[in-house]
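Visitor: Each chain is listed here by its residues.
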Amino acid sequence: MSVVVAKNIRKSFGALQVLKGVSLTVEGGEVVALIGRSGSGKSTFLRCLNGLESIDDGEIEVAGHRMSRKPAELRQLRRDVGIVFQSYNLFPHLTAGENIMLAPVQVKGLPRQAAREEARRCLSLVGLGDRFDAYPDMLSGGQQQRVAIARSLAMQPKVLLFDEVTSALDPELTGEVLAVIENLARGGMTMILVTHEMGFARRVANKTIFMKDGIIHEEGPSAEFFSAPKTPELQAFLRSEVG
Amino acid sequence: MRTFGTPEFLFIVYALRWTLTLTVIAFVGGGLMGILLALLRIARSRALRGLTTFYMQLVQGLPLLVLLFLCYYAPSLFGVEIAALTAAAIALTVNSSAFLGAIWESALRAIPRAQWESADALALTPWKTLRFVIAPQAIRLAMPSTVGFLVQIIKQTSLASIIGFIEITRAGQLVSNATFEPLKAFLSVAALYFAVCFPLTQLSLWLERRTARRGART
Numbered sequence: 001m002s003v004v005v006a007k008n009i010r011k012s013f014g015a016l017q018v019l020k021g022v023s024l025t026v027e028g029g030e031v032v033a034l035i036g037r038s039g040s041g042k043s044t045f046l047r048c049l050n051g052l053e054s055i056d057d058g059e060i061e062v063a064g065h066r067m068s069r070k071p072a073e074l075r076q077l078r079r080d081v082g083i084v085f086q087s088y089n090l091f092p093h094l095t096a097g098e099n100i101m102l103a104p105v106q107v108k109g110l111p112r113q114a115a116r117e118e119a120r121r122c123l124s125l126v127g128l129g130d131r132f133d134a135y136p137d138m139l140s141g142g143q144q145q146r147v148a149i150a151r152s153l154a155m156q157p158k159v160l161l162f163d164e165v166t167s168a169l170d171p172e173l174t175g176e177v178l179a180v181i182e183n184l185a186r187g188g189m190t191m192i193l194v195t196h197e198m199g200f201a202r203r204v205a206n207k208t209i210f211m212k213d214g215i216i217h218e219e220g221p222s223a224e225f226f227s228a229p230k231t232p233e234l235q236a237f238l239r240s241e242v243g
Numbered sequence: 001m002r003t004f005g006t007p008e009f010l011f012i013v014y015a016l017r018w019t020l021t022l023t024v025i026a027f028v029g030g031g032l033m034g035i036l037l038a039l040l041r042i043a044r045s046r047a048l049r050g051l052t053t054f055y056m057q058l059v060q061g062l063p064l065l066v067l068l069f070l071c072y073y074a075p076s077l078f079g080v081e082i083a084a085l086t087a088a089a090i091a092l093t094v095n096s097s098a099f100l101g102a103i104w105e106s107a108l109r110a111i112p113r114a115q116w117e118s119a120d121a122l123a124l125t126p127w128k129t130l131r132f133v134i135a136p137q138a139i140r141l142a143m144p145s146t147v148g149f150l151v152q153i154i155k156q157t158s159l160a161s162i163i164g165f166i167e168i169t170r171a172g173q174l175v176s177n178a179t180f181e182p183l184k185a186f187l188s189v190a191a192l193y194f195a196v197c198f199p200l201t202q203l204s205l206w207l208e209r210r211t212a213r214r215g216a217r218t
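Protein sequence lines, in the order shown, are assigned to chains A and B.
In case it helps, full-length UniProt numbering puts the first sequence at residues 1 to 243.
In case it helps, full-length UniProt numbering puts the second sequence at residues 1 to 218.
Hints in this document: simulated from the structure, not taken from any laboratory.
Some hints here could point you the wrong way.
Residues from chain B shown here face chain A by an in silico Cβ test under 7 Å; the list is partial [claimed, not checked]:
| id | residue |
| --- | --- |
| 1 | 114 |
| 2 | 122 |
| 3 | 128 |
| 4 | 129 |
| 5 | 136 |
| 6 | 139 |
Here are the simulated DSS-like cross-link-like pairs (lysine-lysine), alpha carbons at most 25 Å apart as the crow flies [to be verified]:
| id | chain 1 | residue 1 | chain 2 | residue 2 |
| --- | --- | --- | --- | --- |
| 7 | A | 158 | B | 128 |
| 8 | A | 230 | A | 207 |
| 9 | B | 155 | A | 108 |
| 10 | A | 230 | A | 20 |
We put the CB at the ideal spot given by N, CA and C, even for glycine.
Same shape as in the complex, but just chain A:
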């Protein structure tokens, strides 16, 4: 069953048309990588999928919820869609554990004890089982990003969105975050990732999508996408990324 269906999405910021009719279908358990230069619309498209950006035209259905502008309906959708940001966006006044517990307790109404156990489980999943009581500023960037992933996981989302989650990290910290994502992929999590890590996209994503000027320029199963790019634009892009 399709977890994400986006049809003909259009979006403008003022006079600038950022998305010019983007369509995407993601099946359960699939991992999709979105690549492209900055300004190609890939992050905007990702943010449309959980309503952080409103769309001007098109249809979105995620995890069985139709995209809505009504706050209550939007929250229903967001309960099933996790997102991890480039700059982590942890809540700095809460410990790692409290960051993770907040939404399960306040949104799902989980009892604190159950939420605490769930938070511990999620922290172990990202390899931080011993940092429950650490505040974000005591953690490295890579650790903070793993806490952010755990925070999303605790809501037991049906799909996880990753918005350039390693772009703010030093190369040596990138690996630990990618390893966590790869683990989730193996566990069957449905994921859409905007990324600049070509090797990672090739290895982990079932499907890769190249966006350019607000449209999907080329897409395909990752293996052939990277080994035999068809359009000259993608060929040029891949050459520049491998550099």
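Given the coordinates of chain A, assemble chain B onto it according to the supplied hints.
Guide: Here is chain B on its own, set in the frame of chain A:
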């Protein structure tokens, strides 16, 4: 004629409770109104924001002394006599609400948009986002200036002396008039203000250093 002695000094000291009473009323009342104003200033509704801005600009554009006179004399237009304490409490509360509202509004705005966004993405309601994510960070940020403004309120209560309310400045005047020793009288008044304000300014400095050191953490 009386000379300045212990009874005169104690008369001023006893008046301190009225200075403090007025301070507490203005801080608590102004604080509650200030919270409302700060929230209205970040509300979605343009009309509410506009109305709030108008109120805050109006109050901030009036000298407190004038506000005090207005509160004291305006009710008499309607044939109502108002106690000096009531007039002073209203004027100080109104004044404090506008300033505390401005302090807290800027603290709320200082929290990065990304914090709202990630709470949104976790499906928290706007109220819960404010309650659990934004306000705790904003309160820590606003603590030093809030305590700093509390010191201002304490000193502003001295203006109530002009409408005849007997707090320590007025008490000092009375003692000065009775003893013809204004220096001793007002030095005593000054010492009392300082004794109350100094610990608070120290607290404000400490809070500021702590905020700088720890960022938004507890």
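Visitor: Each of the hints needs a verdict: does it hold here or not?
Guide: Results of checking the hints against the structure:
Interface hint at residue 114 of chain B: satisfied, since its Cβ lies 5 Å from the closest Cβ of chain A, which is below the 7 Å cut-off. For residue 122 of chain B, the interface hint holds, since its Cβ comes within 7 Å of a Cβ in chain A; the closest pair sits about 4 Å apart. The interface hint given for residue 128 of chain B holds, since its Cβ lies 5 Å from the closest Cβ of chain A, which is under the 7 Å cut-off. Look at residue 129 of chain B: its Cβ only gets to about 9 Å from chain A, farther than 7 Å, so that hint breaks.
Annotation: interface hint on residue 136 of chain B holds; nearest CB of chain A at approximately 5 Å, less than 7 Å. Look at residue 139 of chain B: its Cβ only gets to about 9 Å from chain A, farther than 7 Å, so that hint breaks. Restraint check for residue 158 of chain A and residue 128 of chain B: satisfied, since their Cα atoms lie roughly 23 Å apart, inside the 25 Å limit. With a CA separation close to 15 Å, the supplied pair residue 230 of chain A and residue 207 of chain A stays within the 25 Å bound.
Restraint check for residue 155 of chain B and residue 108 of chain A: the C-alpha separation of about 49 Å exceeds 25 Å, so the hint is violated. About 21 Å separates the Cα atoms of residue 230 of chain A and residue 20 of chain A, which keeps this hinted pair within 25 Å; it holds.
Violation of the numbered hints given earlier is confined to hints 4, 6 and 9; the remaining hints are satisfied by the structure.
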